[in-house]
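There are 4 protein chains.
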Amino acid sequence: MNHIFIYPMKVRDYECDAQGHVNNANYQHYFEVARHEFFVQYGFNFFDLTKSGLNLVVARVDIRYKTPMYGSEPFVVTIDKIEKKGVLYIFHQSVIRTTDNVLCAKAKVDVASVVNGKLSRPDFFDNALGEVMNND
Amino acid sequence: MNHIFIYPMKVRDYECDAQGHVNNANYQHYFEVARHEFFVQYGFNFFDLTKSGLNLVVARVDIRYKTPMYGSEPFVVTIDKIEKKGVLYIFHQSVIRTTDNVLCAKAKVDVASVVNGKLSRPDFFDNALGEVMNND
Amino acid sequence: MNHIFIYPMKVRDYECDAQGHVNNANYQHYFEVARHEFFVQYGFNFFDLTKSGLNLVVARVDIRYKTPMYGSEPFVVTIDKIEKKGVLYIFHQSVIRTTDNVLCAKAKVDVASVVNGKLSRPDFFDNALGEVMNND
Amino acid sequence: MNHIFIYPMKVRDYECDAQGHVNNANYQHYFEVARHEFFVQYGFNFFDLTKSGLNLVVARVDIRYKTPMYGSEPFVVTIDKIEKKGVLYIFHQSVIRTTDNVLCAKAKVDVASVVNGKLSRPDFFDNALGEVMNND
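Quick mapping for you: the protein sequence lines, in order, are chains A, B, C and D.
In terms of my numbering, the first sequence is residues 166 to 301.
In terms of my numbering, the second sequence is residues 166 to 301.
In terms of my numbering, the third sequence is residues 166 to 301.
In terms of my numbering, the fourth sequence is residues 166 to 301.
Take these hints with a grain of salt, some might be off.
Copies of the same chain look alike in the list, so a pair counts if it fits in one copy or across any two.
[To be verified] Derived DMTMM-like pairs (lysine to aspartate or glutamate); straight-line CA-CA distance at most 25 Å:
| # | residue 1 | residue 2 |
| --- | --- | --- |
| 1 | K216 | D265 |
| 2 | K249 | D227 |
| 3 | K249 | D288 |
| 4 | K271 | E248 |
| 5 | K216 | D227 |
| 6 | K271 | D227 |
| 7 | K246 | E296 |
| 8 | K249 | D291 |
| 9 | K231 | E296 |
| 10 | K249 | E296 |
| 11 | K273 | E202 |
| 12 | K283 | E248 |
| 13 | K273 | D288 |
| 14 | K273 | D245 |
| 15 | K283 | E238 |
Please keep in mind that the hints were generated in silico from the structure rather than gathered at the bench.
Pulled out of the complex, with its shape left as it was, chain A reads as follows (with noise of 0.2 Å):
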């Protein structure tokens, strides 16, 4: 599979909760680092973004869990495709154990932006993000 944005991670053993592995609500924090780190590389913190009035919210957010992780295990999270779908910014993200390339978690995830309170479209993602993204 073709990737837009690798992240490699590890899991912190606090992260796995009595059942021995990652809680799945991690993976979740996993896939939000990534896109986080994503908009970095365009020029956007994300911090810096929600202090502007500007937040990019998640509306809704579709895990499969395949494969638990365990401590100490290093893993990519990945972003491998972004739609466009009217407001909404669709991310097809994964998660995979870097030492035998399991797929761990897939979701799909998506965000809406909007801007001092109200859904909205900017154009400043739509331009940087254009070259990788698959409109609607």
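Please arrange chains B, C and D on chain A, whose structure you already have, making use of the hints.
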């Protein structure tokens, strides 16, 4: 809407992120807490189940975020319906803000039961949950 | 021991780590939640305070871990004493397991109030909390 | 200051709370991650140790918060000194922001080793860590 189960909670301030509202991943925690408390009603302690070799694992989660929640807000997490589909239990859940009854998030969570590492469909769940479950 | 404030909680399974018991960092969350709920009693909503430019910030935390807690266990977080030392409020807090009254953790938390970025000692806290505080 | 170990990290946006800066409890995570990565250097995988019945447990943590950190900021977590005191290893650690070398937090963390539920002082730690430890 009728609910099978209702669990009251309250936003903890540390669950909010720099955008000022509850971080998306925490909703997954909320839904999980409510499912575990639901099982307690039927005599199943999740923590003990895990130690005994029976793991309930989330195979898929589909969450729609409707309205953000803020620090200290009270809410309920509900279980609205449980479907059975092969070895999966599909939980339909909601997060509803208490003060104005606003729907903040909806989830569909596919849970599989894994006994000693193997997918299975333990009779005692089916028996215990029988009356609240919709069969496939 | 006499407590100024008692807040009942219950271990959430995701708060346990791969060692099977509550991860140490979560105790800090528990102590924080109890302090914020304590302030609510006196009419202070932490979240609103922050938005209004008044931040209560933790300057130092000293936690002694006595007995581990496990998934789903009920407990109380207490405030046992509040001392005033210059611009600091020093909270003495405990985590006590409900089922057997065992002390699980003790904390001393130094809290400073910062108004619009400057350390200060807001009179309304002193006035409100006056009766429960030990002066320096 | 000389450091025994330096581990580079970066603030993840979800680690910030509604006050806009990193929530205090997350520093405990940072310090833990660095200790575990430190042990990896000496051939100890924390996750495997736990499964084998050897638990390193935190008996006490004393953290001084000096300067808040914000979303996406890079920092290092260091181990500055390790003392041995009876069955305890006392880790002195710091969090230092990378961009301006500002000290953000300092910690003293007392770690005990528990073998199959009993406090003990495993020789292999002492042997492995011998050269970097100050004896009591």
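Results for each hint:
1. When the C-alpha separation of K216 and D265 is checked against a cutoff of 25 Å, the pair qualifies only between copies, where the shortest distance is 22 Å, while the shortest distance within a copy is 40 Å.
2. For a Cα distance limit of 25 Å, the shortest separation of K249 from D227 qualifies both inside one copy, at 17 Å, and across copies, at 19 Å.
3. With identical chains, the CA atoms of K249 and D288 are at most 25 Å apart within one copy only, with a shortest distance of 12 Å there and 45 Å across copies.
4. Taking identical chains as interchangeable, the C-alpha atoms of K271 and E248 lie at most 25 Å apart whether they share a chain (16 Å) or sit on different chains (23 Å).
5. Taking the closest pair of Cα atoms, K216 and D227 never come within 25 Å of each other, the shortest separation being 28 Å inside a single copy and 29 Å across copies.
6. With identical chains, the CA atoms of K271 and D227 are at most 25 Å apart both within one copy (8 Å) and between copies (12 Å).
7. In the homo-oligomer, the alpha carbons of K246 and E296 lie at most 25 Å apart inside one protomer (11 Å), although the nearest pairing across protomers, at 43 Å, exceeds that limit.
8. Only within a single protomer do K249 and D291 lie at most 25 Å apart by alpha-carbon distance; the minimum there is 9 Å, versus 42 Å between protomers.
9. When the C-alpha separation of K231 and E296 is checked against a cutoff of 25 Å, the pair qualifies neither within a copy, at 30 Å, nor between copies, at 30 Å.
10. With identical chains, the CA atoms of K249 and E296 are at most 25 Å apart within one copy only, with a shortest distance of 12 Å there and 43 Å across copies.
11. In the homo-oligomer, the alpha carbons of K273 and E202 lie at most 25 Å apart inside one protomer (17 Å), although the nearest pairing across protomers, at 28 Å, exceeds that limit.
12. When the C-alpha separation of K283 and E248 is checked against a cutoff of 25 Å, the pair qualifies only within one copy, where the shortest distance is 21 Å, while the shortest distance between copies is 36 Å.
13. Only within a single protomer do K273 and D288 lie at most 25 Å apart by alpha-carbon distance; the minimum there is 23 Å, versus 33 Å between protomers.
14. For a Cα distance limit of 25 Å, the shortest separation of K273 from D245 qualifies both inside one copy, at 10 Å, and across copies, at 24 Å.
15. When the C-alpha separation of K283 and E238 is checked against a cutoff of 25 Å, the pair qualifies only between copies, where the shortest distance is 22 Å, while the shortest distance within a copy is 40 Å.
Checked against the numbered hints listed earlier, the structure breaks hints 5, 9; every other hint is satisfied.
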